[in-house]
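Spelled out from the first residue to the last, the chains are:
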Amino acid sequence: MARILVIEDNATNMRLSAYLLESEGHVVLGATNAENGLAIARAEQPDLVLMDIQLPGMDGLEATAVLKGDATTRTIPVIALTALAMKGDEERIRAAGCDGYIAKPLAYRNFLAVVNAHLHDTASGAARTDT
Amino acid sequence: MSQTQRIDDGTARILIVDDELRDRQLMEIILTSQGYRLQTAGSGEEALTMVRDQPPDLILLDVLMPGTDGYQVTAELKANAASRNIPVILFTALDDRDARMLGLQSGAEDFLSKPLDSAELCVRVRNLLRLKAAYEELRLRNAETAAALADARAARREAEDANAAKTHFLRIMSHELRTPLNAIAGYAQLLELGVRGAINAEQTEDVVRIKNAAGYLTRLISDVLTAERLEVARPLELLPFAVRPVMAEVEGLCALQARAAGLTLSFSAPTEDVFVIADLERFQQILLNLITNAIKFTPGDGHVEVAWSADAKRASLRVTDSGIGIRSADLERVFDPFVQIDRHLTSMAEQGVGLGLSISRQLARAMGGELALQSTEGVGSVFTLTLPAATSDMCRPSRGVRSQLTLAR
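Protein sequences appear in the order of chains A and B. Residues in the first sequence are numbered consecutively from 1, following the working numbering. Residues in the second sequence are numbered consecutively from 132, following the working numbering.
Take the hints with a grain of salt, since some may be wrong.
So, partial list: chain B residues that the calculated Cβ filter (under 10 Å) puts toward chain A [said to hold, decoys possible]:
#1 HIS306
#2 ASN313
#3 ALA314
#4 ALA316
#5 SER353
#6 LEU356
#7 ALA358
#8 ARG360
Since the hints were made in silico from the structure, they are not lab data. Glycine included, C-beta positions come from ideal geometry on N, C-alpha and C.
Isolated chain B, as found in the complex (with noise of 0.2 Å):
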């Protein structure tokens, strides 16, 4: 046997187990010589007791002893799961077809002849200490992957457990919500309607502004359960229309805005009208959110610009800042639901919650266009939307632009 064989196999313990004090000497020689660490044991019962205290890796057992013989140790070992896996070699001086039976269906591993060749002894012990270890790895390797795979279980029911808190929180906060905005927005309808006596046109402007507040504070809400996929979409309704009208109703609701912030709003139409297929509202709630996420990130005395044009196919249509732009580690980042870098330049009252790219993008692909973004930092963005282009003759000429806005955030 090599060097390297006896260092694989040498820190195996071995039982011996003899009543013949000769034989298990000899034995214990033999073994030693290859390393082992040796235990012995006269009887059957002192072997059980042995394995029992302290499980080694293999036994030898001698068939022939007074009391507890070899066959009756054997089928104790193996009834018992803790020493069952411990491979055991019967010895005897019987060289027999039957004997050899018996002690195979006692539940041995092996069998081996007296007078014992040295040389096979060696061998059998080493194979079966290999067949031992192979069968230890890979029950350890079965215990890992169960344990990777109850690992795996708990930490997806934990997941699930966790999404299902969040919507039942979501849920709640929905209707929580909802119970004073209809009370907010109701008031400030019922008020609007002259039903409590005739308010007059400043009055007026102060209820719009509380219907404005509460509208938005609704739509908040519905474009949360959106991302959560919570809320059914309204389908879309793709229809072509013309772009400069809708432009021009846009325009009146962001002028205001970029005024105050002391910024230029300007809007190039092309000389040729473009037209569009896209469904109208959702047209419109993509520019808005375009051009005021542009003001907010604008410095004062910048300037943005919404522009269009069209091929045959497609129409872009164009919202360039100089605001503060956008790392292009960041590019793509800003479309992800509940992302606002820079939260810090916005004050508390434009923060949204995030949603207003991710919905847009989400938009502009679901209407078969896309929506894209060029920036450099500290120069600016460009915010470009693409859209099926129609053609004139598509769009029918009483159809108007429906006037269904409120000023957006």
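If we strip away everything but chain A, and leave its shape as in the complex, we get (with noise of 0.2 Å):
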């Protein structure tokens, strides 16, 4: 199974997240910041990076787009999981260069589709062959 990084800085949603993920037998790594996520995600090379938006210290968008603007990670698929879910900031966070888009509070069938779907994506995308 796949090996996902979540970003999260609330512990709770951190754990709720990686509970789901494990139940589907999937790796969890964590970061509370996006600076400590940044250097997991390049160490680590994970399969798919979940987001959440408002961190501590660099937000999620600026950490999503310093992985798109990095060789070595560009190709990992990056869904928001925000509780930013007003109008225009699905679109904004799309815009910044996330793959994808999961509101708070999540609906884990939803959640488990969407993240399925990005790393379906990847591996039949060829891009990456570690999966």
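Take the two lone chains and join them into the complex the hints point to.
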């Protein structure tokens, strides 16, 4: 199964994402801020990143831009998992480079479907061979 | 000059400037008889000081004076913003074109020749005073208009600031509420999934209650944001479907609430089923809102009846209750956002934010229908939802009723 990096500053919500992903057999890496998340993404090359947007320090939009601007992490799909769910938020988040968008509170079926869809895209895209 | 005109101009103050006492006295006599208040100065310098200290309404100014002459006094008065608008009439014994030109070029409003013609003096003074009064009136109105415009701009800016503050507040509230809601709803789903091990039937019911409450709160946030046009509403999916199966599901969802309130909830299906063209989920949302409202505002032992019918074009669905009713003055107000008539009659647990009917009517209209209300205070209310009717052959047989409902408020 896939290795997924969850960048989320709220420990309770981080654990929730981890349980849901682990129940599907995925391996979860965690970071509670964007700076650590970027370091882990470069070092560990996860198959997918779940990105909270409002984070202390660097926010999820900037972090996504960094990931998408770096040749070593550019192909990793980034899915925003965020409580920003007002008019214009999704457009803004996608414009910043996020490949997917999930609004909180999450519905687990939708959550897993979006995650699987992006994992599948990556695996079949032949851009990466380590999945 | 008539009595009325004298009263009109009577309070004006006129400054007479002449180095010759005899001429000053003559003008004083003439103008005093017209009711003006007079001041006199014997030189240009004295005149300028007096104008600075207490500006008059008009100045009668001799041209030929020792020291500062009338042209210079005029030029100085006209160069100063405080005295620029005081009309000046120049006097001189010289009666030639050059002298008149010099006087007018220095800025004087009018010109008179000595020896004075008293009738001409009075008419010219009166006319210039009227012009000045009209000018001042205009200036006052302009100032008032400018002030009103500035007020309107300030009020608008204030309203925009308040609106921006409200949007900012709602943005933060939405984010801050969704974060713990993610945990509440998420962990409830986790338990339901059995990730933590199997749970028994009663525990499952508890988990469903938690999920429903979280769902209610999420919808509430969404409704408030939609009402404030801060959330994009999901586009309508208008499809034909049969009403009866939807009603069966709605009945299942509301029966418990009606029973708990001690009410009779009945559904009167017509013999021939009715088909509508609507967004199924929104249709259910409106019905649930109307029925739960009816239950809320109907005392025990009362009844709530749901009935529907159709003609070739329109289907109409009626929710009738034997509740407290609504005063005729409030009939339209109940559809305004955030309005709650009789809020005090509902328990805290039942209270929403007053958006249900507002959203229901918006949805009904967006689907090409209408939501109307008839009510008699103390007797009950009838809410009528009309929608475009469909026929059975328009409905795909494979299309079942999606079960996406959670118990609404």
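Per the CB criterion, is ALA316/B less than 10 Å away from chain A? holds (4 Å)
Chain A contact restraint for SER353/B - C-beta distance below 10 Å: Status holds, d = 8 Å.
Given a cut of 10 Å on the nearest C-beta pair, is the interface hint for HIS306/B held or broken against chain A? holds (5 Å)
Interface hint compliance - LEU356/B to chain A, C-beta minimum distance less than 10 Å: holds (6 Å)
Once the shortest beta carbon distance from ASN313/B to chain A is found, is it less than 10 Å? Holds, about 4 Å.
If you take the shortest Cβ to Cβ gap from ALA314/B to chain A, is it below 10 Å? Holds: closest Cβ of chain A sits about 5 Å from ALA314/B, inside 10 Å.
Interface hint check: ALA358/B, Cβ to nearest Cβ on chain A, cutoff 10 Å. Holds or violated? violated (12 Å)
Hint validity - ARG360/B Cβ closer than 10 Å to any chain A Cβ: holds (7 Å)
Of the numbered hints stated above, the single one contradicted by the structure is hint 7.
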